[in-house]
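Peer 1: Line order of the protein sequences matches chains A and B.
Position 69 (the first sequence) corresponds to 69 in this note's numbering; numbering is contiguous.
Position 42 (the second sequence) corresponds to 42 in this note's numbering; numbering is contiguous.
For the record, the hints were derived by calculation from the structure and aren't laboratory data.
The structure displayed is predicted, hence computed values, not measured ones.
Don't take each hint at face value.
Calculated cross-link-like contacts (lysine to aspartate or glutamate; reagent style EDC-like; alpha-carbon spacing at most 20 Å) [as the list claims (entries may be wrong)]:
| no. | chain 1 | residue 1 | chain 2 | residue 2 |
| --- | --- | --- | --- | --- |
| 1 | A | K341 | B | E95 |
| 2 | B | K341 | A | D114 |
| 3 | A | K243 | A | D114 |
| 4 | B | K341 | A | E64 |
Quick look at which bits of chain A chain B covers, simulated, 3 or more residues with Cβ under 8 Å [stated by the list, open to error]:
| no. | region |
| --- | --- |
| 5 | 140-154 |
| 6 | 338-347 |
Partial chain A-side listing against chain B, Cβ under 7 Å, derived [to be verified]:
| no. | residue |
| --- | --- |
| 7 | N56 |
| 8 | V57 |
| 9 | C58 |
| 10 | F88 |
| 11 | G90 |
| 12 | D227 |
| 13 | V327 |
| 14 | G331 |
| 15 | K332 |
| 16 | Q356 |
| 17 | P357 |
| 18 | A359 |
| 19 | A364 |
| 20 | A367 |
Ideal Cβ placement from N, Cα and C applies to all residues, glycine included.
There are 2 protein chains.
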Amino acid sequence: MDLERSPLALPFPAIPSIAGVTPRIARARYKDWDRCDLTYVEFAEGTTVAGVFTRNVCCSSEVEMGREQVRLGRARALVVNAGNANAFTGYRGREAVEQIMAQVAQHLDCKPSDVFVSSTGVIGVPLPKDKARAGVATVLEADPCSWEDAAATIGTTDTFPKGAVATAVVGGRAVTLAGIIKGSGMIAPDMATMLGYIFTDAAVDAAFLQQLLTASAGDTFNCITVDSDTSTSDTVLAFATGKAGNAPLAAFDDPGADAFAAALHDVCRQLAQLVVRDGEGAQKFIEVRISGAESDESARRIGLAVANSPLVKTAIAGEDANWGRVVMAVGKAGEPADRDKLSIGFGGTWAARDGQPLADYDEAPVAAHLKGREIQVEVDLGLGDGHAVVWTCDLTHGYIAINADYRS
Amino acid sequence: MDLERSPLALPFPAIPSIAGVTPRIARARYKDWDRCDLTYVEFAEGTTVAGVFTRNVCCSSEVEMGREQVRLGRARALVVNAGNANAFTGYRGREAVEQIMAQVAQHLDCKPSDVFVSSTGVIGVPLPKDKARAGVATVLEADPCSWEDAAATIGTTDTFPKGAVATAVVGGRAVTLAGIIKGSGMIAPDMATMLGYIFTDAAVDAAFLQQLLTASAGDTFNCITVDSDTSTSDTVLAFATGKAGNAPLAAFDDPGADAFAAALHDVCRQLAQLVVRDGEGAQKFIEVRISGAESDESARRIGLAVANSPLVKTAIAGEDANWGRVVMAVGKAGEPADRDKLSIGFGGTWAARDGQPLADYDEAPVAAHLKGREIQVEVDLGLGDGHAVVWTCDLTHGYIAINADYRS
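Start from the sequences, fold in the hints, and give me the full structure.
Peer 2: Structure follows, in C-alpha cells:
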C-alpha cells in the first residue's frame with residue numbers, strides 16, 4: 001500500500017556533519033523492493049555509547065545483544081536493517097546478527113562487540129544471511145550519505161524521514177548532537193518499530209552518557225504512545241565520538257554538563273514527538289498535560305491512560321469535546337484520583353472543574369481548538385504537585401486501514 | 001446514527017418468569033426519543049442481593065451508593081435509567097438517585113436502601129429529577145413486561161437485547177436463574193456502559209450470594225474487553241427471592257450449592273460473552289486461550305494484553321494470521337514469559353512453537369479459520385499450569401465510525 005505523507009509531518013532539519021561519524025547506505029533488498037534498506041554508520045576510535053531498550057520480554061536478538069554491548073561502553077559501527085525485524089527467529093536470527101558483527105569487525109579491525117546491529121520489519125522470518133553479507137560488503141564501499149538519506153533508509157512504514165539537531169557549549173567547545181529515528185505504528189512488531197540514534201562529537205564518558213540518556217528517555221520516549229503496543233525491537237542508542245575536543249564529561253559537576261544534558265533532552269523530545277507525528281493514520285497531534293497528581297510517576301501513568309484510551313482518541317478524531325471520556329480514562333488508570341477534585345480542559349478552556357461540568361462552560365473555543373492539528377488536553381487532579389506531559393495522536397480510519405485492510 | 005444489528009448477535013432465549021420478580025418498563029424520555037428508557041423490577045419481601053462494581057475511581061453516585069447497599073444484603077426493587085449515566089454530576093446527581101430511592105420506598109413501604117438504582121448514558125449531565133419522578137410514577141402503575149422488553153429497555157447503543165437463563169436443582173427444588181445485560185462499547189462512559197442483572201427464585205443467603213457472584217465475575221465479566229476502557233458505572237447485581245422454597249443456601253456444603261454456583265457461573269459467562277458479541281463495530285468474536293503461564297492470574301493478564309492490543313485486533317479484522325503481533329502483546333504484558341518457550345496458534349493450528357516459526361507451518365487451515373465469525377487464539381507460555389480464557393472482538397472501521405464520525 002502507498003502511504004500518504006502524514007499531515008503532521010515536519011520538514012527534515014539542516015543537520016551538519018558530526019566529526020567522527022560517517023553514515024552510508026546500500027540496497028540489501030531484504031524485501032522485494034528497490035530502495036536502500038541497509039544503513040551503516042562508522043565511528044572514530046574512542047567513541048562511547050549508551051542505550052535504552054524495549055521492556056518487551058519477547059525482544060529480538062539485536063536487543064538482547066545490544067543490552068550487553070552498551071555495558072562495555074565502546075562503539076565503532078552501527079548497522080540497521082530495514083524490512084526484517086529478525087525477532088522471534090531463535091538461533092538462526094542470532095547467527096545472522098553475529099555474522100554482521102564479525103564481518104564489520106574484520107573490516108574495521110575491532111571487536112565484534114563494538115558493532116551494534118538493529119533490525120526492523122516483519123517478524124518471525126530469520127534475517128537472510130546471504131543478503132546481509134552482500135549488503136554489508138556493498139555498504140562498506142559506499143560513499144558517505146546525508147543524514148536525511150540515512151533517516152529515510154532506516155524507515156519502513158514511516159511516511160517522512162525524521163531528524164533532530166541541537167547544539168551546546170561544553171568547556172568552551174561547541175558540540176553538536178544529531179538524531180534520526182524511525183517508527184510510526186508505534187511500536188508495532190512488524191514494519192513500524194521505534195529505532196532512534198543520536199550522534200554527537202562531544203566527549204562523554206559512557207557511564208555518564210548512559211545516565212543522561214536514561215533520564216532523558218523517561219519523559220520523552222517513555223511519554224509517547226500511538227496504540228499502547230510495545231515493540232519487540234525498540235532501541236535508542238547514543239554515540240559520542242569525542243572529536244569536538246572538550247574535556248570528557250563524566251559528571252554533572254563538569255563544565256558544560258548541564259548544557260549537554262539539556263541538548264540531549266531536546267533531541268530526545270524532538271525525536272519522540274516526530275514518531276507520534278507519523279502515528280499510523282494520525283490526523284491530530286495530541287499533548288496530554290497532567291497536573292495536581294500525587295507524584296510525577298502517577299501523573300505519567302494517568303497521562304498514558306488518557307493517551308491510550310481508544311475512546312478519547314476517537315473522540316478527538318471526531319473533534320468532539322467529550323471530556324467524560326477523559327474522566328473515564330483518568331479513573332481507570334489505577335492511580336490516586338478524587339472524582340470531586342478533578343478538572344478537565346481542552347486548549348486552555350476548562351470544561352469541568354472539581355468534579356462537575358462548569359455552569360458557564362462555553363464550548364465554542366474548545367470546538368475551534370479541536371478543529372486544529374495540534375490538540376491539548378489538560379487534566380488537573382487537585383491532589384498534589386505531580387505533573388507530566390504525554391504525547392499521542394488520534395485514532396482514525398487510517399489506523400484501521402493500515403493495520404486491518406492490508407495483509408502484511 | 002442507526003446501528004445495524006451485530007452480525008455476532010444471538011437470539012433472545014426463552015426465559016420463564018421468576019417467582020417473586022416482576023419487571024415493568026416506561027418512557028421517562030431522558031433523551032429526546034420515543035422509546036422505553038426506565039426499567040423497574042420489583043422483588044418479593046425477603047429477597048437477598050449481591051453485587052460487583054467498576055473499579056473506576058471516578059464512579060457514579062449510583063455505584064457509590066450501590067456498594068453500600070449490597071452490604072445490607074436486602075432488596076425490594078431495581079430502577080435502571082437509560083440515556084443518562086448521571087456520572088460526574090456531583091451532589092445534583094446524588095440527589096436524583098436519592099429521590100428515586102425515596103419515591104419507590106414510599107410506594108413499597110420499605111427502606112430507601114432496599115431500592116437499587118443504575119443509570120447509563122451520557123455523562124456529566126445530572127439526571128433530570130422531574131423526568132425521573134414522572135417516569136417512576138408511571139412505571140409503578142405499568143403492566144408487567146417480558147424479559148426481552150426489559151433487556152431492550154436497559155440498552156443504549158446495544159444493537160440487540162441480551163439475556164441468559166440457567167436452571168439447577170437445589171435441595172430437591174428446581175430453581176431458575178435469569179439474566180439481562182446491556183453494554184457494547186465495553187465500557188464506554190457514555191452510551192455504552194455494562195449493566196447486568198441476574199434474578200433467581202432460589203433462596204440464597206446474601207453473603208454466600210456475594211461470594212458466588214464475586215467468584216463468577218472473576219473469569220467471566222472480568223475476562224471480557226472490547227476496547228480496554230473501563231466504565232464509570234459498571235454494575236452487576238444478583239437478586240435471589242427465595243420463592244422456589246429451597247432451604248436457603250449459605251455455604252458450599254449445603255445440598256445443591258455446587259449446582260447453583262455452576263448455574264450462576266453459566267449465566268455470568270453467557271451474559272459476559274453477549275456484551276462482546278455486541279462490541280462496537282465487532283465483526284468477529286475472539287476467544288483468547290492462555291495456557292502454561294506461571295499462574296491463573298498471570299494468564300488472565302496476558303490474555304487481556306492480547307485481547308486489548310489494537311494491532312492484534314486489527315490483524316484479526318483483516319483475517320491476517322499475524323502471530324508476531326500476538327508475540328508482541330504477550331511480551332508487553334509485564335508477566336513472566338520466555339520468548340524461546342512461547343507457542344502461538346489460531347483455531348487449533350500452531351503457527352509458532354518454542355519461540356520459532358514452525359518449519360512445516362501450513363497457513364491454509366489458519367486462513368480458513370480466520371475467515372469465520374468465531375476466532376480462537378491460543379498462547380502457550382511453556383512455563384507452568386496457569387491458564388485463562390478471555391473474550392474480545394475485532395477492531396474495525398465500525399468502531400471508529402461509532403466513536404469518531406458522529407458527535408455524541
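Peer 1: Take the hints in turn and mark each one as holding or not.
Peer 2: Right, here's what the structure says about each hint:
1. Note on A/K341 and B/E95: the hinted pairing holds, with a Cα-Cα distance of about 19 Å set against a maximum of 20 Å.
2. For the hint linking B/K341 to A/D114, the alpha-carbon distance of about 30 Å lies beyond 20 Å, and the restraint is violated.
3. Proximity of A/K243 to A/D114 is assessed by CA-CA distance (about 18 Å); at most 20 Å being required, the pair is judged to hold.
4. Taking the CA atoms of B/K341 and A/E64, the gap is near 16 Å; set against the 20 Å cutoff, the hint holds.
5. Residue count for the region 140-154 of chain A with a Cβ under 8 Å from a Cβ of chain B: 0. That is fewer than the three needed, and the coverage hint is violated.
6. Counting residues of the region 338-347 of chain A whose C-beta sits closer than 8 Å to any C-beta of chain B gives 4, which meets the bar of three, so the coverage hint holds.
7. Given hint, A/N56 at the interface with chain B, holds; its Cβ is 4 Å from that chain's nearest Cβ, closer than 7 Å.
8. Of the supplied interface hints, the one on A/V57 holds, with its beta-carbon coming within about 5 Å of a beta-carbon of chain B, less than 7 Å.
9. This hint holds: A/C58 has a C-beta 3 Å from the nearest C-beta of chain B, less than the 7 Å allowed.
10. A least Cβ separation of about 5 Å between A/F88 and chain B falls short of the 7 Å threshold, and the interface hint therefore holds.
11. At its closest, the beta carbon of A/G90 sits 4 Å from a beta carbon of chain B; the interface hint therefore holds under the 7 Å criterion.
12. For A/D227, the interface hint holds, the least distance from its beta-carbon to any beta-carbon of chain B being 4 Å, beneath 7 Å.
13. Interface hint status for A/V327: upheld, as the beta-carbon distance to the closest one in chain B is roughly 5 Å, under 7 Å.
14. For A/G331, the suggested interface contact is upheld, since its CB lies about 3 Å from the closest CB of chain B, less than 7 Å.
15. About 4 Å separates the beta-carbon of A/K332 from the nearest beta-carbon of chain B, less than 7 Å, and the hint is met.
16. This hint holds: A/Q356 has a C-beta 4 Å from the nearest C-beta of chain B, less than the 7 Å allowed.
17. A least Cβ separation of about 5 Å between A/P357 and chain B falls short of the 7 Å threshold, and the interface hint therefore holds.
18. Proximity of A/A359 to chain B is violated relative to the hint, the smallest CB-CB distance being about 11 Å (cut-off 7 Å).
19. Checking A/A364 against chain B by beta carbon gives a least distance of about 15 Å; that is not within 7 Å, so the hint is violated.
20. Hint on A/A367 is violated. Least Cβ distance to chain B is approximately 10 Å, over the 7 Å limit.
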